[in-house]
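The listed protein sequences correspond, in order, to chains Z and B.
Going by the numbering used here, the first sequence opens with residue 16, and the numbers climb by one from there.
Going by the numbering used here, the second sequence opens with residue 297, and the numbers climb by one from there.
Heads up, some of the hints might be wrong.
Calculated pairs, PhoX-like style, for lysine-lysine (alpha carbon to alpha carbon, straight line, at most 25 Å) [said to hold, decoys possible]: (1) B/Lys-407 / B/Lys-299; (2) B/Lys-575 / Z/Lys-281; (3) B/Lys-400 / B/Lys-339; (4) B/Lys-339 / Z/Lys-276; (5) B/Lys-640 / Z/Lys-265; (6) B/Lys-658 / Z/Lys-219; (7) B/Lys-658 / Z/Lys-276; (8) B/Lys-640 / Z/Lys-276; (9) B/Lys-377 / B/Lys-313; (10) B/Lys-575 / Z/Lys-265; (11) Z/Lys-219 / B/Lys-400; (12) B/Lys-418 / B/Lys-377; (13) B/Lys-403 / B/Lys-313; (14) B/Lys-572 / Z/Lys-265; (15) B/Lys-313 / Z/Lys-281; (16) Z/Lys-281 / B/Lys-640; (17) Z/Lys-34 / B/Lys-541; (18) Z/Lys-276 / B/Lys-400.
Keep in mind that the hints were calculated from the coordinates and are not lab data.
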Amino acid sequence: MAHRKKNRNVGIIGIGQTKYSSHREDVNQPEMLHEAVREALDDAGITMKDVDCIVHGNMELFEMVHQPDLWHVLGTGGYGKDCIRITTGGTVGATIACASDNLAASGMYDIVMAIGFEKLQEGHTTGGITNMADPLWFRNLQTGALTGSKAYDLINEFGDERAKRASMTYRIIMDKHAGLNEKAHRHFGLDFAQTDDLIKNSPKLVGDLKLIEMCSQSDGACAVIFACEKKAKELSKKPVWVRDHITVHKEETFNIFGYHKDYPIKQTHRFAADHLYKRNGIKNPLEYFDVFEMYDPASWWAVDWLRDFFQLEGDEHIKLVEDKEIMIGGKMPINPSGGVIGSNPIGATALVRIAEAALQVRGDAGTHQIPTPVNHAIASGFGGTMWTVLTILEKELNW
Amino acid sequence: MAKYWGIAVDDIFNTMKDRFRPEGAKDVTASFGYDISGAGKWKVTVNNGTLVAVEKTEALSGCEATMVCDGETFVGVNSGKVDATNAFMSGKVRVDGDMGVFGKTGKMFRKFVPPKKEMSVKDYLLDMFGTVESRFKAAASEGIDAVFAFDLGGEHGGKWSVTIKDKVCKVKTAIEGKPTITLEFSDAKDYVEMSLGRIDAQSLLAAGRAAAVGDINMAMKWAELFEKYQDPLGGAPEQELLVLKKTISVDQKFSTGPIIGRFLNGLKEKKIIPNKCPKCGRLQFPAREVCAECRVRADEFVEVGPKGQVRYMEYVYYSSPDPLTGATRETPYGMAMILLDGCKGNDTLAHLIRRDQIDRIKGGRDDVSGTRVRPVWNETRVGSIFDIKYFEIDE
């Protein structure tokens, strides 16, 4: 796979997010997007006159609006601009960031604004996700993004008690992080003392995947402004540089983890991490990165994916969780924002990972800022039946 | 905006529609003017027992009678803080025009009651259960015979039951009869917050702060059977904030193409015929045009099964709606990845397991076999996934 160096560097210069909530009946879609757009423009200290191109994205079919980018011109300020609409499923938020980066890096546009949104209460999320599957077969069997297969795998590998406690510990840490982020949708005030109680009592969705372990369904929007190096340096005191990103897709398949050690299935997260780190000369990602904003649709998956994203072996990833090294203040803080389990406006979700990682690099994450300096951050996107987007952000242009 | 006793002049006019009493306005056809110094001018028009309009206007014209006073007096008279007769006698209120006609306004509107500043959990619970019978939609309850029990814990908690039978709804402050569904909240405050739309039920269930015991489908019917609870403190959205509901139903049809078409046609003959990648050798269920991994056409079809073993089964508790029909699947159900005889590795077929057998299914791993299963074929087969009803244990 040919992959060349960027034509020119690109920095993030503006970030805007709405509050995430399941109750945004007070605004329509364009109004909701506008809140994020307004905040991003103010953050960058620019106006729509400065924006050359808009990349707009969400999940198709969730709200049953087929050209939302037309209607949303009211809120995006897209009138008379180059507007590109992208939809790639759960990864869409990360894909619009990649596209914006590529568009600015190419030299075609100096300033590009990525806007991701979802108003999940206006449609049916699980129905929408189920519609991604082959209508002739899997659609008749599938239950949206709900699967107990990762829980089943982890229980097989690490035993019932250890696996369940790791998943619930991760969940409680995310809840504690969400409590620090005023924009987060869900925060229950969970405590580690409740671990066993929650394992026992939270209603089950599929297999050992419990309701509390699954991500929320949120309304909200996120806007991120990308600028070429020259503009970024002119306009911003602390641009966050987009070093590289990788996208890995595979076919639609619901046999995602495999059942036989002799027949491994390609795991896109591991594949993406291996390729991305290699071409950037990153030998030990756990040492290199200071924070990771992960697209964590459920706590079981999150625990497992730490192993793939950080190229760990054996039970190293379980230990990171058990030792609470993934908390703010730990060795590798995961999702100081509360993550996807805390807030999940799906079309914005993967962009929020990048936005939150960039806020950490800038030191502007406020009450959920991690206490140690953040020079290198990573953000992931997830969608489809195991599709991955992985993005590296840097504080300095010294790589 | 100036407020008197916490009430603005606008509050009085904005609530006129709600406070209007048609029985007090019989045979009244007139326009009334209000000239409130410092606040503005309003025109209120009544036509034979109907309130036609309440409009703020720049200039009053065509009014039978006009009340002229200051904001404090106006609010005071309307909210009962100031005696109307005294205000009139002392000259704080003047009426221009037909005084007799204006007198009729006294009976046309209910007194303005300022909304309470706060309601306790207990106040809310009393109001919520106190209004259940009046919010009941009898027409939607055809054929329903059910008891909804509420077991609310915490300081202000209590027990209630709502019985629906023969299109009549009764509320009792105890759990009586055999509940069809019992809703348990560890803290009554959560129930109040949920009813006010501040927390969603799913979050409470997820956090273990609420539970539904019994017929869950009946619990879902609550919203159809009762009008939504309105917060007396005016928490309801303002008039212009509407939520419009739509249900979309679309007939769809999908072309199979020749490859998956051959696979589906095989089902008609009770044959399962995946196609094989000439390069990596994997079998595809259903058959697909190419092997996406090797990027080659997969032309060879191979008959396998029909018996096999379960490698993994999703034990599904959540009642996902079928996106094709909108129907809710019965839960729990089992969706299994089945390794048919003649297949290897991950070449599995996805299908359902007979519902009464899902607790007995064991998954296989590596060289250990899972539960053996066989397909149960439909009598009529049309070339669809449901030509196989489900797989059942092969005993």
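Does Z/Lys-276 sit within 25 Å of B/Lys-640, going by the straight-line distance between their CA atoms? Holds, because 12 Å separates the two Cα atoms, which is no more than 25 Å.
Can the restraint linking B/Lys-640 and Z/Lys-265 be considered satisfied, given a maximum Cα separation of 25 Å? With Cα atoms ~21 Å apart, B/Lys-640 and Z/Lys-265 stay inside 25 Å; holds.
Within a Cα-Cα threshold of 25 Å, do B/Lys-400 and B/Lys-339 meet the stated pairing? holds (15 Å)
For the pair we were handed, Z/Lys-281 and B/Lys-640, check the Cα-Cα distance against 25 Å. With Cα atoms ~17 Å apart, Z/Lys-281 and B/Lys-640 stay inside 25 Å; holds.
Sort out whether B/Lys-313 lies within 25 Å of B/Lys-377, counting only the CA atoms. Holds, because 21 Å separates the two Cα atoms, which is no more than 25 Å.
Does B/Lys-418 pair with B/Lys-377 here, judged by a C-alpha cut-off of 25 Å? Since the Cα atoms of B/Lys-418 and B/Lys-377 sit roughly 28 Å apart, the hinted pair is violated (cutoff 25 Å).
Could you grab the alpha-carbon distance between Z/Lys-276 and B/Lys-400 and see if it respects the 25 Å cut-off? violated (88 Å)
With a cut-off of 25 Å on the C-alpha distance, tell me whether Z/Lys-219 and B/Lys-400 pass. violated (63 Å)
Taken at face value, is the distance from the CA of Z/Lys-219 to the CA of B/Lys-658 at most 25 Å? Answer holds: B/Lys-658 to Z/Lys-219 is near 19 Å, not above 25 Å.
Holds or violated: B/Lys-339 to Z/Lys-276, with C-alpha atoms at most 25 Å apart: violated (82 Å)
Hinted pair B/Lys-313 and Z/Lys-281, Cα distance within 25 Å: Given that 25 Å is the threshold and the Cα spacing comes to 66 Å, the pair is violated.
Does Z/Lys-276 sit within 25 Å of B/Lys-658, going by the straight-line distance between their CA atoms? With a Cα-Cα distance of about 18 Å, the restraint between B/Lys-658 and Z/Lys-276 holds, given a limit of 25 Å.
Of the hints listed earlier, those the structure fails to meet are numbers 4, 11, 12, 15, 18, in rising order.
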